[in-house]
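Colleague: Sequence:
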Amino acid sequence: MSHPSDPADTGAGLSRLAAISAALRPHDPGAQVALDPDHGSVQVLTVLDPEEVDRILAAAGIPTAPAQARSGGGCGCGCSCGGG
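Under this note's numbering, think of the first position of the sequence shown as 28, with each following residue one higher.
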């Protein structure tokens, strides 16, 4: 079941999307970043290793999801990239 997003949450999600995209672009110009407005999660499609994505986002000051979110092979940034 989908729940409508609060417009303020969507705005914050778009800011996070832009920040993640800007951080990844120099390392993977073909990286694609999208927002799932129903869940507020960011989806990333990149050729980078999950550890590299974590390092890049940390260096940019972008918080990532807790380690347990990575158990499915994602990079930990709150996305669903599946680890590259």
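To be clear, the hints were calculated from the coordinates, so they are not data collected in a lab. Nothing here was measured: the structure is a model prediction, and the numbers come from that model. Please note that a few of the clues may not be correct.
Claimed, not checked - Using C-beta positions, here's what the derived DEER-type ranges look like:
1) D65 x A86: 28 to 34 Å
2) E78 x R52: 27 to 33 Å
3) S42 x L72: 17 to 23 Å
4) A45 x A92: 16 to 22 Å
Note that beta-carbon positions come from the ideal geometry of N, C-alpha and C, so glycine has one too.
Colleague: Of the numbered hints stated earlier in the document, which are not met by this structure?
Modeller: 2
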